[in-house]
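Undergrad: The residues making up each chain are set out below.
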Amino acid sequence: EVQLVESGGGLVQPGRSLKLSCAASGFTFSNYYMAWVRQAPTKGLEWVASITNSGGSTYYRDSVKGRFTISRDNAKSTLYLQMDSLRSEDTATYYCTRDVGGYWGQGVMVTVSS
Amino acid sequence: DVVMTQTPVSLSLAIGQPASISCKSSQSLLGTSGKTFLNWILQRPGQSPKRLIYQVSKLYSEVPDRFSGSGSETEFTLKISRVEAEDLGVYYCWQGTHFPHAFGSGTKLEIK
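Chains D and W supply the protein sequences, listed in that same order. Following this note's numbering, the numbering of the first sequence begins with 1 at its first residue and continues without gaps. Following this note's numbering, the numbering of the second sequence begins with 1 at its first residue and continues without gaps.
Some hints could be false.
Claimed, not checked - The calculated lysine to aspartate or glutamate pairs, modelled on EDC-like cross-linking and capped at a C-alpha distance of 16 Å, are: (1) W:58 with D:99; (2) W:50 with W:1; (3) D:65 with W:1.
As the list claims (entries may be wrong) - To list a few chain W residues with every Cβ distance to chain D over 12 Å, as calculated: (4) 1; (5) 12; (6) 13; (7) 16; (8) 71; (9) 95.
If you're looking for bench data, these hints aren't it; they were derived computationally from the structure. Cβ coordinates follow ideal geometry from the N, Cα and C atoms, glycine included.
Isolated chain D (complex conformation):
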């Protein structure tokens, strides 16, 4: 059974950093592109970043470029999202997904507030 389990969320002050993790199981992690998708309270889904199966290429939405870094450790079957210089508008539930939404984690809440 495919499982994606996010962790690392919480309350953080503007300008600070947070690192999300997504532990994958039930499939060969190194074979798949992975992505982070977020959802601000009462809003729709928003793609954040993607990474190729090898980790050799990464892609970001403009509003997080230069602040967020997506990475992966295929040996640990884990996806990461390093979030720096956080802003209030980054407040959202962050989901880890496989492929283009083939599987989803349960989500982790990130709140950026002073």
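Starting from the structure of chain D, add chain W where the hints point.
TA: Using the frame of chain D, we list chain W on its own:
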């Protein structure tokens, strides 16, 4: 960047009625691989999103066959032949052909 325009914003339907949701992209979603990465996602109230359809028209194995997807290039449609109570939630299209990826704004399906 590709812009996804999804309509309608909401639907209120009785059980057994058909449903149709449109998703239009600002440029063709046919990729250089010959594949079109237009997927449909359902988010039920209080739940994580779940997969429905990938590459325009391919149903994931657990999805009932009352769901169908169609379209090409820039115009895509999700149809439910007969709505059931469990179908309520917000439906999103997601284009994964071009970076940055993009979602439609969502269609909320309510059951009368």
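Undergrad: Please flag the earlier hints that this structure goes against, numbers listed from lowest up.
TA: 2, 4 and 9
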